Structure formats: C-alpha cells, structure tokens
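Asker: Sequence:
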Amino acid sequence: MRLTVDACGDTCGEKAAYLRQRTCAAHVSAPFSHSEAVAARGQEGALPNAHLTGRSRNAQQNHTYSRSTSKEKVKLKIKEQFIFNAPGDAYLHLFSYDEERHALIVPENGRYSIYLQVTYREPYNHICPQSGLIRFLQAVYVWSDSYMTDRILMKAKDHVHCGQGVRTVTNTGVYSLEAGDRLMVYVSLKNLLEIDEKSLYFGAFLLSRGTDA
Numbered sequence: 001m002r003l004t005v006d007a008c009g010d011t012c013g014e015k016a017a018y019l020r021q022r023t024c025a026a027h028v029s030a031p032f033s034h035s036e037a038v039a040a041r042g043q044e045g046a047l048p049n050a051h052l053t054g055r056s057r058n059a060q061q062n063h064t065y066s067r068s069t070s071k072e073k074v075k076l077k078i079k080e081q082f083i084f085n086a087p088g089d090a091y092l093h094l095f096s097y098d099e100e101r102h103a104l105i106v107p108e109n110g111r112y113s114i115y116l117q118v119t120y121r122e123p124y125n126h127i128c129p130q131s132g133l134i135r136f137l138q139a140v141y142v143w144s145d146s147y148m149t150d151r152i153l154m155k156a157k158d159h160v161h162c163g164q165g166v167r168t169v170t171n172t173g174v175y176s177l178e179a180g181d182r183l184m185v186y187v188s189l190k191n192l193l194e195i196d197e198k199s200l201y202f203g204a205f206l207l208s209r210g211t212d213a
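Numbering (UniProt numbering), first residue to last: 1 to 213.
Just so you know, these hints were derived from the structure itself, not from any lab. Treat the numbers as computed from the prediction; the structure is a model and nothing was measured. Please note that the accuracy of each hint is not assured.
[What the hints assert, rightly or not] Cβ-Cβ distance ranges computed for the label pairs, FRET-style: (1) Gln130 - Leu94: 41 to 51 Å; (2) Thr170 - Leu133: 13 to 23 Å; (3) Ala179 - Arg135: 32 to 42 Å; (4) Lys198 - Gln164: 19 to 29 Å; (5) Lys157 - Arg101: 19 to 29 Å; (6) Lys157 - Cys128: 12 to 22 Å; (7) Leu133 - Leu94: 35 to 45 Å; (8) Val166 - Ile127: 16 to 26 Å; (9) Tyr124 - Ser96: 15 to 25 Å.
Idealized CB from N, CA, C, for every residue including glycine.
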C-alpha cells in the first residue's frame with residue numbers, strides 16, 4: 001500500500017491551476033496535538049486516527065535544483081515519501097487505504113482534525129531564481145462521492161530566501177467528512193523536501209461522530 005504525494009512547480013497542469021483558482025473555505029483550527037494523535041495508537045476503543053511520515057530512500061540522498069526541474073510536472077510516490085505499517089511513528093488505526101487514488105479513506109461520518117507538516121530545505125548548489133525567492137505550495141484535498149470531484153480542504157503558500165536554508169510549514173484544520181471520503185496531499189518542488197518522519201508527516205483523527213458533528 002502506498003500514498004502518493006504529487007509534486008509540481010508553479011506552472012504545472014490542471015491540479016496546480018485548480019489549487020490556484022480555489023480558496024480554502026474552512027477555518028483553521030487551534031494547533032493540533034501531535035503527541036495526542038500518536039498516543040492514541042493501539043489504545044483499545046480509540047477513535048479512528050492515522051499518521052503517515054516521511055522516510056528518505058537512502059541516507060546519502062542528493063538534492064538538485066534548477067530553473068527547468070523546478071517547473072516540471074512530476075509525481076512523487078509514497079515509497080519515496082510517506083509510509084505506514086513500519087517502525088517509527090507511522091500507523092493506521094481504523095483508516096484504510098485507496099491504492100488507486102493513493103489516499104487515506106475516511107472510515108465514518110464525523111468531524112476530523114487533519115494536519116500536514118512539510119519541511120523545505122534549500123538544495124545544495126541550486127540555481128537561485130531572479131527574484132531571490134524559492135516559492136512552494138502545499139495542500140490537502142478530498143475526493144467525495146457526494147461531489148465526484150476533488151475539493152480543497154486547506155492549503156498554504158510560502159517561500160524561503162536563497163541562502164536562508166530551511167522553512168517548515170504546517171497546515172491544520174477541523175472538517176466535517178463522510179465515510180468513504182479520500183484524503184490526498186499535494187506539495188510543490190519535491191527536490192526541496194526534507195524527508196524524514198519528524199520533518200514530513202500527514203495525518204487525521206476523528207473528534208466527534210455523526211453527520212451533524
């Protein structure tokens with residue numbers, strides 16, 4: 001089972017255009033408690049929760065960056081990014097996984113807290129844009145059988161000045177979801193990602209049950 005993170009530059013295709021055109025209607029919640037989510041792992045009677053983490057393919061990963069690669073439309077497979085059912089913090093509890101859509105499947109109706117953290121690191125020996133800024137975008141969206149389309153739940157845009165190195169961006173929000181909804185992640189500029197389980201992670205946990213939660 002694999003979750004896919006699609007990565008694209010500022011000029012990628014339909015998905016990026018869709019992200020630019022749509023705005024996030026939901027309100028951002030107070031900061032989530034990552035420790036509470038991880039503590040729920042394995043507890044008898046715990047509400048549905050899942051936590052997916054990043055893991056590097058190898059310890060000597062070599063990042064490169066250039067004007068051309070920054071604008072390429074690329075797909076980043078989960079085997080290179082998020083994993084679960086493995087040693088470390090990653091786990092699934094009552095969530096399931098959609099192999100075709102590479103997504104977490106919401107197990108029941110209710111109000112869920114969803115979170116995404118991405119750490120971006122300036123690659124070694126990169127070619128800096130003329131603006132002096134490296135820009136990036138990250139988002140969580142949902143596929144619902146009720147709408148039969150992808151909808152933005154939350155997104156964030158940020159940048160890092162060339163030479164400043166590292167930036168961590170966190171999204172968190174509370175959303176009413178239906179059983180069967182698919183939660184998926186998009187990030188831009190895959191070669192900027194800091195890939196380890198403490199720097200790159202995505203998850204969700206149920207707060208209250210029911211369609212009127």
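Asker: Please go over all the hints and tell whether each is borne out by the structure.
Answerer: Here is what the structure says about each hint:
1. Between glutamine 130 and leucine 94 the Cβ separation comes to about 49 Å, which falls inside the hinted range of 41 to 51 Å.
2. Between threonine 170 and leucine 133, the C-beta spacing of about 20 Å keeps the proposed range 13 to 23 Å intact.
3. Between alanine 179 and arginine 135 the beta carbon distance is about 37 Å. The supplied range of 32 to 42 Å therefore holds.
4. Here the CB-CB span from lysine 198 to glutamine 164 is close to 20 Å, well matched to the stated 19 to 29 Å.
5. Between lysine 157 and arginine 101 the beta carbon distance is about 24 Å. The supplied range of 19 to 29 Å therefore holds.
6. Between lysine 157 and cysteine 128 the Cβ separation comes to about 19 Å, which falls inside the hinted range of 12 to 22 Å.
7. Look at leucine 133 against leucine 94: about 42 Å separates their beta carbons, and that is inside 35 to 45 Å.
8. The hinted window of 16 to 26 Å between valine 166 and isoleucine 127 holds, with their beta carbons roughly 19 Å apart.
9. Between tyrosine 124 and serine 96 the C-beta distance comes to about 39 Å, which lies outside the given range of 15 to 25 Å.
Checked against the numbered hints above, the structure breaks only hint 9 and satisfies the rest.
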